[in-house]
Amino acid sequence: MARHGQIGGRRGVALGILVAFAWLLACLDPTSPRPMRPSEVPSAALIVSAPVVPPSAASTSVAAASRAGGDSVVFVSAPPGSVPGGAFATIQNRATRLSVTTPVIDGGFDPVPVQAVVGDSLEVTVTTAQGAQQFHAVVAVRAHQPLVVVRTTPPDKKTDVPLNSVMSVVFSEPVMPASVTTASLILLPSLTLLQGSTAVAASVHVTDPQQLVAALTPSAILSPHTSYQLVVSTEIRGADGLALKGAEMVEFTTGDSVNAAIASVTITPATLDSIRTLGDTFRLTAVARDAAGAVVSSAVIDWSTSNASMPFVVQVGGGTAFYTNRRGASVVMIPYASGSTVVRASAGAAASSVTVNVRQQLAGLVITLDGGVLAGDSVELLTGEGREIRVFAADANGYAMQGTPALVPTLSSSDPAVASLVWGSNDADAPALFLNAGTPGVASVVATLDASGAMLVDSVRVSVILPPPVATVALAPHAVRGVVGGEIEMAATLRAASGRILGRPVTWTSSDSAVATVDTVAGYQGQLVTVQGHAPGVATITATSEGQTGSETVGFDVVAYGATGLAEPCALSVSGAAYCWGEGSYGSLGDSSTLRNPTPVAVRQGGLTFAALSASGQHTCGLTAGGVAYCWGLNVYGELGTGPSAGCVYYDDAACRALTPEPVAGGVTFSTISAAGLHTCALTAAGVAYCWGHNAYGETGNGLTDGVTYAPTPVQTTLRFISISAAYGETCGVIADGTAYCWGDNGYGQLGDGTTAPRIAPTAVSGGLRFSTVSTGGAFACGLTIGDGLAYCWGGNQFGQIGGDASPCDAYQDLMPCSLRPVAVAGGTRFVAVSAGGQQACGLTSAGAAYCWGYNGEGQLGAGFVDGVIAVAHPVPLLVSGGHTFASVIAGAFSTCGLSTGGELYCWGMLPAPPGPQGAPISGVPVKVVGQP
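First residue of the sequence shown? That's 417 in our numbering, and the numbers climb one at a time after it.
Be aware that one or more of the hints could be misleading.
Claimed, not checked - Simulated restraints on C-beta separations:
#1 Ala556 <-> Asn842: 17 to 27 Å
#2 Ala1173 <-> Ala895: 42 to 52 Å
#3 Ala846 <-> Pro685: 34 to 44 Å
#4 Gly1264 <-> Leu658: 48 to 58 Å
The set of hints was computed from the structure by calculation and includes no laboratory data.
We put the CB at the ideal spot given by N, CA and C, even for glycine.
When you get a sec, could you build the whole thing from the sequences and use the hints?
Below is the structure:
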């Protein structure tokens, strides 16, 4: 039968290994939170519980046996604001390879259960809605972890809370329902908190089957315009009986409105009883009505499904998110197992449900090798090669039949000497059947199944050939140059004459060990090395395998950087040569490779010299002295301005990357350029603004939200700008009279116009201030006023990055503090330059002193210390340590860099990681970049 590609791919759940837990509470549309570029966000404050048996798994009497048998789970969560730009978090147990993907809402996610035991390692990856990686970490499962609060509704400092609100608390792991009482979850008027006042009369209860959420419902509506305090006491205990780590107090203020009364909820369709195949998609829609039958448009619909094998899903960025709780007017379901589930939609006290029944119908057989569906009906193997083979009875969509153990197909080989079937153990030490390649030749492997008299047959043609010798050895990058004292990552690709990639031992040599030596990177079969630069000069690096060789030259220089062109993680030399460092997986280093380099490598400019640079971490752009723009790196959304990349579908596609500078289309010359996460903007000498790339929020300013703009397009305005700054999702510019205008995403008030509404055309920043410059960062922006050089910032403020007061936003569930208008940065320091980074900002005084404020998890404030994973806000500018006098400073994503008046380049914060599995080094003090005079 035809193979549809589901088994072993993203839908490998068809093999019966779908993780049985993917719960997420209070979800919104995961494409709503504003994404940020991968290097803009700090490390997430991950919470990983100790292993527990989920409440729905078993009774207490079998809990110990379940834990020992690997049925325990840990709950992984992150408080709001941990990864502000994230859209999805994937948690994979490295021991079992099982994973769960869950939406990230407002930079965090509610507890997600993952099957695990003590000692397992969990790999956590957070990506944007488009699939770009925002955060990655590996955490160990520990035997004991305290119970903590992940988030509350309303959040702390929330204003205008409706008078008939229900308060809720999300915990890091299941709680004992008996411990959630009116004595452990209390609501008090704040003004009487210290006067011995009695608590507000209310009922409390655990609201969800996983026992993760406790709710407090006041017996009467609250008083208008009154401050209250929700107290979560240490009387609340986790499933293991241990108390909450510490009491929590959440203060909020009511408004004068009430939520509309909802009398009923209706689900459409009312029945789903005829599903015969897995993997089919269907949508359920719910409508809330009042007692008169009128639709309550403001109603918040919460969905749940009783069967985690039949979850709600979202397909985005080439991936799939699974979860059993969802918030919104509708949900999409894709069943991955036979059975039934009750889907419930609720709004306030009103609720409705529908039963979904899935009964698979047998249609044929599917053969897989190493868990992957064959692209056709044949496979080529090398003599001695072994591949794990499986065969499944499947439905019409190619998904394995569930709950039918009697349907066991048989496998046979037409010539066991060529292709034999042998039982053994796979990588997980589980019994497995292997297809072993013997003598050269051709054989057929046939699968048969007698299904109630109907014989089902599938087969695969196996061609066995002798292992081909290595025919070519190719090295990358090509003719690269680095800096003395630095290193260059280099990879060897071995191929047979047919083009097949081979894994064989490789030896490396350098023609001049005084200039360069080679160190092998562990874990890559000798095919990945670092070339260490010891002295100025050029050396030839040669890789040899089975008598075949490949060579490339590497050069090392001592580089002096110019007073302009600092664009972390790139800088311009005094001669106009661009050097970049860090993560190069999208080609943003411009050295003709996608390798990572912790020290500067030269961009392959082909004889070009640049007068200006701008880097986003995913792509980089430069301007020649004549104003001609060149860009390189990622081009998924046209951010390079070179037109659409043929064959580019997803981030990982090679066609989506330009590894060296390419000219921007259109022939327009520019005086300045600004590369953001997924879009780019530039100004002509006349002040006309052009933008290109991602435009889902209107950030290109073309009057639309059309998704993609592939070439420079004028911003729809008659304004003429003297400066422009692009960030992920928004853009700001300043005109000659000092008025600042912004456009694009505004979910955290980063446009500064007093609202959270997105803008598709330039909109004036409120407050009447006149700015000499504005710099955009990770959902916030800063500017310097004309004349006095005072810094004002606006937008997101979860780590004090705007340097002033903020209140919860009205966007994205009000979980992130922000200011919708410019606020003065604390301290009143006068600056001549300001730079907004990921979650920190820095200013430079006329005396060359650098000050930074905001997030310091990796030491990016440079104040001599590192906060680590504890999210500490630093709203007051801190002097960068070391006594340096800087000519320019630029705040990047996780790090900050500055060029001293003596021409020395320093960086601090998260420094680029070397090749291999080790993490990135961090520094709370300026570190001189290697390779300088």
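Going down the list of hints, with the structure as the test:
no.	hint	in the structure
1	Ala556 <-> Asn842: 17 to 27 Å	holds, 25 Å
2	Ala1173 <-> Ala895: 42 to 52 Å	holds, 50 Å
3	Ala846 <-> Pro685: 34 to 44 Å	holds, 41 Å
4	Gly1264 <-> Leu658: 48 to 58 Å	holds, 53 Å
The structure is consistent with each of the numbered hints, conforming to all of them.
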